[in-house]
Amino acid sequence: MSSSLHIRKLLTIICESTLEEDIAEALARHGARGHTVTDARGRGTHGLRDGSWSAGANVRIEVLCDEATARELLAVLEHDYFADYYMVAFLSDVQVLRPGKF
Amino acid sequence: MPFEPVILFFALGLVAGVIRSDLKIPGVLYESLSIFLLLAIGLKGGIELAKVPLSSVAGQAAVVLAAALLIPLAAFPVLRRLVGLSRADAASIAAHYGSVSVVTFAVAGSFLARSGVDAEGYLVVFLVLLEFPALILGVILARRQGGNTQWGRLLHEVFSGKSIVLLLGGLIIGWVAGAEGIKPLDRLFIDLFKGMLAFFLLEMGLVVAGRLGDLRRAGIGLAAFAILMPVAAGMLGIGTGFAIGLSTGGTVMLATLFASASYIAAPAAMRIAVPEANPALSIGAALGITFPFNLLAGIPLYHWLATQARSMTS
Numbered sequence: 106m107s108s109s110l111h112i113r114k115l116l117t118i119i120c121e122s123t124l125e126e127d128i129a130e131a132l133a134r135h136g137a138r139g140h141t142v143t144d145a146r147g148r149g150t151h152g153l154r155d156g157s158w159s160a161g162a163n164v165r166i167e168v169l170c171d172e173a174t175a176r177e178l179l180a181v182l183e184h185d186y187f188a189d190y191y192m193v194a195f196l197s198d199v200q201v202l203r204p205g206k207f
Numbered sequence: 141m142p143f144e145p146v147i148l149f150f151a152l153g154l155v156a157g158v159i160r161s162d163l164k165i166p167g168v169l170y171e172s173l174s175i176f177l178l179l180a181i182g183l184k185g186g187i188e189l190a191k192v193p194l195s196s197v198a199g200q201a202a203v204v205l206a207a208a209l210l211i212p213l214a215a216f217p218v219l220r221r222l223v224g225l226s227r228a229d230a231a232s233i234a235a236h237y238g239s240v241s242v243v244t245f246a247v248a249g250s251f252l253a254r255s256g257v258d259a260e261g262y263l264v265v266f267l268v269l270l271e272f273p274a275l276i277l278g279v280i281l282a283r284r285q286g287g288n289t290q291w292g293r294l295l296h297e298v299f300s301g302k303s304i305v306l307l308l309g310g311l312i313i314g315w316v317a318g319a320e321g322i323k324p325l326d327r328l329f330i331d332l333f334k335g336m337l338a339f340f341l342l343e344m345g346l347v348v349a350g351r352l353g354d355l356r357r358a359g360i361g362l363a364a365f366a367i368l369m370p371v372a373a374g375m376l377g378i379g380t381g382f383a384i385g386l387s388t389g390g391t392v393m394l395a396t397l398f399a400s401a402s403y404i405a406a407p408a409a410m411r412i413a414v415p416e417a418n419p420a421l422s423i424g425a426a427l428g429i430t431f432p433f434n435l436l437a438g439i440p441l442y443h444w445l446a447t448q449a450r451s452m453t454s
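Chains L and A are the protein sequences, given in the same order. Every number in the numbering used here is 105 more than the matching position in the first sequence, counting from 1. Every number in the numbering used here is 140 more than the matching position in the second sequence, counting from 1.
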């Protein structure tokens, strides 16, 4: 079983929910084959983001992809969004089955 | 001075938020309530609109629209020079104040009903019309010295936003179906309206309590603006209401529309169109100060002013 596991990158983006559509389009444009969105709450440099109404809500967007795509996506996020929007993005290594899918 | 008990629910939410109660209105309920309120307000407006000739409303609408554009045009230089904000922040806040708050409008309606004052029901048309021009003007003010704007994205956000879709959709359904056609739905959309509004105000109290931290960042200049601007805009609304021949009640509703600041459509649109503007400032002012001010003091004040002005002119 373990012989069929492959290393891929997991890109996690936590940002204000207004950006969900924008980010989804940017991800697809730069080679991500899919993504998962969940509503998120928390606290950080922009204070409490409790999700109780639209302008105070966050989303967590996750993308599984190869390393080259992940780096390109991070560069896009850094260039287009980091300056003006509430956003955190980070990469981690994960092991997946069916590597061709990601 | 007459008093509208529904705002006590707002006060309760505010207190619950301030004492950090574990009371929390789930996001889905907030969404459901706002869908209900927008649709119900649209429907009621549409039923009333069906009773008057469209041509007379169109003439009034043109005057109202032109007068309302003065609000962001006046707010922008005040915010730039007197409050000392950056161009982006001033433009974004001007757009918030030029646009309108549906809930403030609904509370004014229930205040007048309680005071036994009639108002033209078709004023919902103005609510729809005033929501978006200021947003576009705000972006133009922000971009006068260059910079990119995703106009397509902004226009889509503004016109496909749920508030426009539901208000306008409800208005058209009410207008087409008329009072008789909507009668089977009265129990839901008319009788339950005030209860739903109370629920929504409870949630708004919690939300405002959560934004109180933003107020500290706003500073005294912006705080003063957030109280003086609605009063000035309310007076402009009273003048405009008289000029187009509205009743005293209708004039109060129009003054409330002019005085209110958007905290749903405007933040979303400004985030996309003017991302460098700090949303804590605009939301802190519009939601943290102006919204409670209008609820607690503004609406009774506009009612008093309109009544005084009426007795002087007649």
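Calculated from the structure, these hints are not laboratory results. Quick caveat, the model's predicted, so the values are computed rather than measured. Among the hints, a few may not be true.
Claimed, not checked - With a Cα cut of at most 25 angstroms, we get these calculated SDA-like pairs of lysine to any residue:
hint, chain 1, residue 1, chain 2, residue 2
1, A, Lys302, L, Ala129
2, L, Lys206, L, Tyr190
3, A, Lys302, A, Ile276
4, A, Lys164, A, Val192
5, A, Lys323, A, Leu368
6, A, Lys302, L, Ser122
7, A, Lys164, L, Thr143
8, A, Lys164, L, Lys114
9, A, Lys164, A, Leu332
10, A, Lys164, L, Val164
11, A, Lys302, L, Thr141
12, A, Lys302, L, Asp127
13, A, Lys302, L, Asp144
14, A, Lys302, L, Phe195
15, A, Lys164, L, Ser122
16, L, Lys114, L, His140
17, A, Lys302, L, Tyr191
18, A, Lys302, L, Lys114
19, A, Lys334, A, Leu154
20, A, Lys302, L, Thr150
21, A, Lys302, L, Glu130
22, A, Lys302, L, Gly205
23, L, Lys114, L, Pro204
24, A, Lys302, A, Pro145
25, A, Lys164, L, His140
26, A, Lys302, A, Glu188
27, L, Lys206, L, Tyr191
28, A, Lys164, L, Gly147
29, A, Lys191, A, Ile276
30, A, Lys164, L, Asp127
31, A, Lys164, L, Arg165
32, A, Lys334, A, Ser255
33, L, Lys114, L, Gly205
34, A, Lys164, L, Val142
35, A, Lys164, L, Ala145
Said to hold, decoys possible - On the chain L side, residues computed to face chain A include the following (Cβ under 8 angstroms):
hint, residue
36, Thr123
37, Ala131
38, Phe187
39, Asp189
Glycine residues also receive a C-beta, built at the ideal position from the N, C-alpha and C atoms.
Structure-based check of all given hints:
1. A:Lys302 <-> L:Ala129: 20 angstroms, holds
2. L:Lys206 <-> L:Tyr190: 31 angstroms, violated
3. A:Lys302 <-> A:Ile276: 17 angstroms, holds
4. A:Lys164 <-> A:Val192: This hinted pair is violated, its Cα atoms lying about 43 angstroms apart.
5. A:Lys323 <-> A:Leu368: Since the Cα atoms of Lys323 (chain A) and Leu368 (chain A) sit roughly 42 angstroms apart, the hinted pair is violated (cutoff 25 angstroms).
6. A:Lys302 <-> L:Ser122: 15 angstroms, holds
7. A:Lys164 <-> L:Thr143: Holds: Lys164 (chain A) and Thr143 (chain L) sit about 19 angstroms apart, inside 25 angstroms.
8. A:Lys164 <-> L:Lys114: 36 angstroms, violated
9. A:Lys164 <-> A:Leu332: 22 angstroms, holds
10. A:Lys164 <-> L:Val164: Holds, at about 19 angstroms.
11. A:Lys302 <-> L:Thr141: 23 angstroms, holds
12. A:Lys302 <-> L:Asp127: With Cα atoms ~18 angstroms apart, Lys302 (chain A) and Asp127 (chain L) stay inside 25 angstroms; holds.
13. A:Lys302 <-> L:Asp144: 19 angstroms, holds
14. A:Lys302 <-> L:Phe195: Distance of about 32 angstroms is beyond 25 angstroms: violated.
15. A:Lys164 <-> L:Ser122: OK: Lys164 (chain A) and Ser122 (chain L) at ~19 angstroms, within 25 angstroms.
16. L:Lys114 <-> L:His140: 13 angstroms, holds
17. A:Lys302 <-> L:Tyr191: Holds: Lys302 (chain A) and Tyr191 (chain L) sit about 23 angstroms apart, inside 25 angstroms.
18. A:Lys302 <-> L:Lys114: Roughly 36 angstroms between the alpha carbons, so the hint for Lys302 (chain A) and Lys114 (chain L) is violated.
19. A:Lys334 <-> A:Leu154: Between Lys334 (chain A) and Leu154 (chain A) the Cα gap is close to 19 angstroms, so the pair holds against 25 angstroms.
20. A:Lys302 <-> L:Thr150: 30 angstroms, violated
21. A:Lys302 <-> L:Glu130: 21 angstroms, holds
22. A:Lys302 <-> L:Gly205: With a Cα-Cα distance of about 39 angstroms, the restraint between Lys302 (chain A) and Gly205 (chain L) is violated, given a limit of 25 angstroms.
23. L:Lys114 <-> L:Pro204: Status holds; Cα separation ~11 angstroms.
24. A:Lys302 <-> A:Pro145: 28 angstroms, violated
25. A:Lys164 <-> L:His140: 30 angstroms, violated
26. A:Lys302 <-> A:Glu188: 22 angstroms, holds
27. L:Lys206 <-> L:Tyr191: 30 angstroms, violated
28. A:Lys164 <-> L:Gly147: 15 angstroms, holds
29. A:Lys191 <-> A:Ile276: It is violated: about 32 angstroms lies between the C-alpha atoms, which goes past 25 angstroms.
30. A:Lys164 <-> L:Asp127: 29 angstroms, violated
31. A:Lys164 <-> L:Arg165: 21 angstroms, holds
32. A:Lys334 <-> A:Ser255: 15 angstroms, holds
33. L:Lys114 <-> L:Gly205: Holds, because 13 angstroms separates the two Cα atoms, which is no more than 25 angstroms.
34. A:Lys164 <-> L:Val142: Between Lys164 (chain A) and Val142 (chain L) the Cα gap is close to 23 angstroms, so the pair holds against 25 angstroms.
35. A:Lys164 <-> L:Ala145: 15 angstroms, holds
36. Thr123: Check passed: Cβ of Thr123 (chain L) comes within 5 angstroms of chain A, closer than 8 angstroms.
37. Ala131: 12 angstroms, violated
38. Phe187: Since the shortest Cβ distance to chain A is 11 angstroms, the answer is violated.
39. Asp189: Holds, about 4 angstroms.
In this structure, the hints that do not hold are numbers 2, 4, 5, 8, 14, 18, 20, 22, 24, 25, 27, 29, 30, 37, 38, in rising order.
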